[in-house]
Amino acid sequence: MKILADLAEQAIQNAQQRGEFDNLQGQGQPLTLDSDPFMPEHLRMAYKVLKNGGYVPEEIQTQREIRSLIECLERETDEAQKMRQIQKVQLVIAKAKIRSGGLLLEENEEYFRKVVARMTLNSG
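By the count of the working numbering, the sequence shown reaches residue 124 at its end, each step adding exactly one.
What the hints contain is simulated information worked out from the structure, not anything from laboratory work. Here the structure is a predicted model, which means the values were calculated and not measured. The beta-carbon is built from N, C-alpha and C at its ideal position, and this holds for glycine as well. Worth double-checking, as some hints may not be accurate.
[Stated by the list, open to error] Calculated lysine to aspartate or glutamate pairs in the DMTMM-like style (CA-CA distance at most 25 Å, straight line):
1. K48 / E20
2. K95 / E41
3. K97 / D78
4. K48 / E59
5. K82 / E65
6. K95 / E71
7. K97 / E41
8. K2 / E59
9. K82 / E110
10. K114 / D78
11. K114 / E41
12. K88 / E71
13. K95 / E109
14. K88 / E59
15. K51 / E76
16. K48 / D78
17. K95 / E110
18. K51 / E74
19. K114 / E59
20. K95 / E65
21. K97 / E58
22. K51 / E41
23. K97 / E109
24. K88 / E58
25. K48 / E58
26. K97 / E65
27. K97 / E110
28. K88 / D78
29. K48 / E76
30. K48 / E65
31. K95 / E58
32. K82 / E71
33. K95 / E74
34. K82 / E41
35. K88 / E74
36. K97 / E71
37. K114 / E74
[Said to hold, decoys possible] The calculated label-pair distances, taken between Cβ atoms and stated as ranges, are:
38. N23 / L43: 31 to 39 Å
39. R113 / P57: 51 to 59 Å
40. L24 / L91: 48 to 56 Å
Using the sequences provided together with the hints, build the complete structure.
Structure, rendered in structure tokens:
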């Protein structure tokens, strides 16, 4: 296999020396990779259509909602409102766990626990 890699590398170097890669369209600009290389081939078109239509998967939407609620909690100054906001975040996390079996929520839960712990230390 090393022979094939060496041949490919040599062919690329020869093409560079001949200037075949000079003045290519988009040269010096980042690549726009619209497709996920880990997405199975048979699902790519369906997900692209959904993405172009503005569809956001429920799990991602829930994560965004949790993040937003936590950010509001961090800015809250009223103690009674903090408690209501904490309960609201706990409710959204619990509902999401039931719907998804707990997928993708660990990071948000850990962040939430740290915020609550910090707020408890600051108010105590």
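So, going through the hints one by one against the coordinates:
1. K48 / E20: Violated: K48 and E20 sit about 33 Å apart, past 25 Å.
2. K95 / E41: violated, 32 Å
3. K97 / D78: Since the Cα atoms of K97 and D78 sit roughly 28 Å apart, the hinted pair is violated (cutoff 25 Å).
4. K48 / E59: Cα-Cα ~17 Å, so holds.
5. K82 / E65: It holds: about 17 Å lies between the C-alpha atoms, which stays within 25 Å.
6. K95 / E71: This hinted pair holds, its Cα atoms lying about 19 Å apart.
7. K97 / E41: Given pair K97, E41 is violated - Cα atoms ~29 Å apart, limit 25 Å.
8. K2 / E59: violated, 43 Å
9. K82 / E110: Measuring from Cα to Cα gives roughly 18 Å; hence the hint holds.
10. K114 / D78: holds, 19 Å
11. K114 / E41: Measuring from Cα to Cα gives roughly 40 Å; hence the hint is violated.
12. K88 / E71: holds, 13 Å
13. K95 / E109: Distance of about 13 Å is within 25 Å: holds.
14. K88 / E59: holds, 17 Å
15. K51 / E76: violated, 34 Å
16. K48 / D78: Violated, at roughly 44 Å.
17. K95 / E110: Holds - the C-alpha atoms of E110 and K95 are around 17 Å apart, at most 25 Å.
18. K51 / E74: The given pair, whose Cα atoms are some 31 Å apart, is violated under the 25 Å limit.
19. K114 / E59: holds, 22 Å
20. K95 / E65: Distance of about 12 Å is within 25 Å: holds.
21. K97 / E58: holds, 12 Å
22. K51 / E41: holds, 16 Å
23. K97 / E109: Given pair K97, E109 holds - Cα atoms ~11 Å apart, limit 25 Å.
24. K88 / E58: Holds, because 18 Å separates the two Cα atoms, which is no more than 25 Å.
25. K48 / E58: Holds: K48 and E58 sit about 16 Å apart, inside 25 Å.
26. K97 / E65: holds, 14 Å
27. K97 / E110: holds, 14 Å
28. K88 / D78: With a Cα-Cα distance of about 15 Å, the restraint between K88 and D78 holds, given a limit of 25 Å.
29. K48 / E76: violated, 39 Å
30. K48 / E65: holds, 23 Å
31. K95 / E58: The hint holds at about 12 Å.
32. K82 / E71: holds, 11 Å
33. K95 / E74: holds, 22 Å
34. K82 / E41: violated, 46 Å
35. K88 / E74: Answer holds: K88 to E74 is near 13 Å, not above 25 Å.
36. K97 / E71: Holds, because 20 Å separates the two Cα atoms, which is no more than 25 Å.
37. K114 / E74: The hint holds at about 11 Å.
38. N23 / L43: 31 to 39 Å: holds, 37 Å
39. R113 / P57: 51 to 59 Å: The hint (51 to 59 Å, Cβ to Cβ) is violated, given that R113 and P57 are roughly 25 Å apart.
40. L24 / L91: 48 to 56 Å: Hint holds: Cβ distance 54 Å, inside 48 to 56 Å.
Consistency with the previously given hints fails for numbers 1, 2, 3, 7, 8, 11, 15, 16, 18, 29, 34, 39, ordered from lowest to highest.
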